[in-house]
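Asker: What follows is each chain in one-letter form.
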Amino acid sequence: MPVPSRLDRYVETEKQKHFSRDFMIGWERYETWDEATVGQSGLAQRTFEITEEDILDYNWACGETDPLMIDPAFARQHSPTGELLQHPVFVTTIAFYSLGEKGIGTWIRTPGARNPQQRIEIVEPFRYGEIISTTITTADKFTQRGKPYLQMLLDFRNESSVLKARWWCSLILPATRADVARFANA
Amino acid sequence: MPISFAEIQAGHSFPPVVQSYAQPAIDHYALASLDMNPVHTNEDWAARAKVFGIPETVGHGMMTMSTLASVVTRAWGVIGKNGGSIRFVDAKFTKPVKVGETVTATGKVKQKHYFGPGKNWVQVDVEARDATGDLIGLAEVGYNLPD
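Chains as they are written, first to last, in the working numbering: chain A, 1 to 186; chain B, 1 to 147.
You may find that some hints are simply not true.
Only some residues are given here: those of chain B computed to face chain A with a beta carbon under 8 Å [claimed, not checked]:
1) His-28
2) Ser-33
3) Leu-34
4) Pro-38
5) Phe-52
6) Gly-53
7) Ile-54
8) Pro-55
9) Met-62
10) Ser-66
11) Ala-69
12) Thr-73
13) Asn-82
14) Val-89
15) Lys-92
16) Phe-115
Restricting the straight-line Cα-Cα distance to at most 30 Å, the calculated cross-link-like pairs of lysine-lysine (DSS-like) are [claimed, not checked]:
17) Lys-98/B - Lys-81/B
18) Lys-98/B - Lys-119/B
19) Lys-119/B - Lys-92/B
20) Lys-98/B - Lys-164/A
21) Lys-164/A - Lys-50/B
22) Lys-102/A - Lys-108/B
23) Lys-92/B - Lys-164/A
24) Lys-141/A - Lys-119/B
25) Lys-98/B - Lys-112/B
Counterexamples of contact, computed for chain A against chain B with all Cβ distances above 12 Å [claimed, not checked]:
26) Asp-71
27) Ala-139
28) Asp-140
29) Glu-159
Think of the hints as simulated: they come from the structure by calculation, not from any bench.
For each residue, glycine too, the CB sits at the ideal point set by N, CA and C.
Same shape as in the complex, but just chain A (with noise of 0.2 Å):
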């Protein structure tokens, strides 16, 4: 399904040239909720590598005006860390782009999906140059009202393993891939 090219205006970083940003391409292999497994851990199929204009992005899609967050300049002059502060959901960007198209906690990308609720905490900032491995594991899946909920936890370690920041996230989901086709098919 061809994504609008509208959305080329919005390209600023090297992630998002090279990203592939049709989410129809590949959903016969995303994992789906009667085949996700409680327990189940493994690490994205990418490691993500922090970097200056990621945060930047980000910061400026939020709104931000805080010249700590969206003058680099500024940044490298006044921030507590000598670089841009990051949103704290930036790890969305991590997470999407580190879980990759096939494997584990693929869902997140599941035509269908409605997002209910999300947690995310953080542990210490994001530097630049950090090298991000991101491991999920499959934490929660249950029905409610009878709708199919399946969380996942997201630790974000860098190179050191130092823990960053992790995310619960949860998503209602089409039950089954043949429920998935019908919104991947629409």
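Fit chain B to the supplied structure of chain A, relying on the hints for placement.
Answerer: Below, chain B without anything else, positioned relative to chain A:
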């Protein structure tokens, strides 16, 4: 500006954050977050799929979560000048944000958590409403404050 744990009182309120969810804002967020789910960016597919029962694109839940968190971080800083810092954001989404909406988020300090010198933190309760006044999301934001 950030204040201390000793000074802060429950009920302390934060300036509102107003965020546009016009399609260009949603498009920018999609690229910045790499959440390219078509329910946010593809009007034709959204009209056919009606994921939320409406034939329109909607804003990302994570964009709403960002707006909710910004109520606290814009006032006190992601890392405050006096050493404060964001601790957690726990958000729930109660109504999809239709394309074109304007969302206003407000917050108040709800709880003070006495974890000891250098470890104290507060919980700020934040809520976001659309232009009709309907609640679209709420969050508990934890923030470490200097003693």
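Asker: Next step is simple, just say for each hint if it's right about the structure.
Answerer: How the hints compare with the structure:
Because the beta carbon of His-28/B sits about 5 Å from the nearest beta carbon in chain A, less than 8 Å, this interface hint is met. Annotation: interface hint on Ser-33/B holds; nearest CB of chain A at approximately 5 Å, less than 8 Å. At its closest, the beta carbon of Leu-34/B sits 4 Å from a beta carbon of chain A; the interface hint therefore holds under the 8 Å criterion. This hint holds: Pro-38/B has a C-beta 6 Å from the nearest C-beta of chain A, less than the 8 Å allowed.
Interface restraint check for Phe-52/B: the shortest CB-CB distance to chain A comes to about 7 Å, inside 8 Å, so the restraint holds. Hint status for Gly-53/B: violated, given a least beta-carbon distance of 10 Å to chain A, over 8 Å. For Ile-54/B, the shortest C-beta to C-beta distance to chain A is roughly 12 Å, which exceeds 8 Å, and the interface hint is violated. Interface hint status for Pro-55/B: violated, as the beta-carbon distance to the closest one in chain A is roughly 11 Å, over 8 Å.
Look at Met-62/B: its Cβ gets to within about 5 Å of chain A, closer than 8 Å, so that hint holds up. The criterion of a C-beta within 8 Å of any C-beta in chain A is met by Ser-66/B, whose closest approach is roughly 4 Å, and the hint holds. The interface hint given for Ala-69/B is met, as the beta carbon of that residue sits about 5 Å from the closest beta carbon of chain A, less than 8 Å. With its C-beta approaching chain A no nearer than about 7 Å, Thr-73/B sits inside the 8 Å limit, and its interface hint holds.
About 10 Å separates the beta-carbon of Asn-82/B from the nearest beta-carbon of chain A, more than 8 Å, and the hint is not met. A cut of 8 Å between beta carbons decides the hint on Val-89/B: the least distance to chain A is about 5 Å, and the hint holds. Taking 8 Å as the C-beta contact cut-off toward chain A, the hint placing Lys-92/B at the interface holds, the least distance being around 4 Å. Evaluation of the Phe-115/B hint against chain A yields a violated restraint, the C-beta minimum of about 15 Å exceeding 8 Å.
Distance check on the hinted pair: Lys-98/B and Lys-81/B sit about 36 Å apart at the alpha-carbon level, beyond 30 Å; violated. For the suggested pair Lys-98/B and Lys-119/B, the alpha carbons sit about 40 Å apart, so the restraint of at most 30 Å is broken. This hinted pair checks out: Lys-119/B and Lys-92/B have alpha carbons roughly 26 Å apart, not beyond 30 Å. Among the hinted pairs, Lys-98/B with Lys-164/A is inconsistent with the structure: their alpha-carbon atoms are about 33 Å apart, more than 30 Å.
Between Lys-164/A and Lys-50/B, the direct Cα distance comes to roughly 37 Å. Violation of the 30 Å bound is thereby established for this hinted pair. Distance check on the hinted pair: Lys-102/A and Lys-108/B sit about 41 Å apart at the alpha-carbon level, beyond 30 Å; violated. For the given pair, Lys-92/B sits about 23 Å from Lys-164/A by alpha-carbon distance, which is consistent with the 30 Å threshold. Taking the CA atoms of Lys-141/A and Lys-119/B, the gap is near 33 Å; set against the 30 Å cutoff, the hint is violated.
As the CA atoms of Lys-98/B and Lys-112/B are separated by approximately 35 Å, the hinted pair breaks the 30 Å bound. Every CB of chain B is more than 12 Å from the CB of Asp-71/A (nearest about 14 Å), matching its label as outside the interface. The claim that Ala-139/A lies off the interface holds: its Cβ sits roughly 15 Å from the closest Cβ of chain B, which is beyond the 12 Å cut-off. For Asp-140/A, the condition that its CB be more than 12 Å from all CB atoms of chain B holds, with the nearest at approximately 15 Å.
Listed as outside the interface, Glu-159/A is consistent with that label: its C-beta sits roughly 21 Å from the nearest C-beta of chain B, beyond the 12 Å cut-off.
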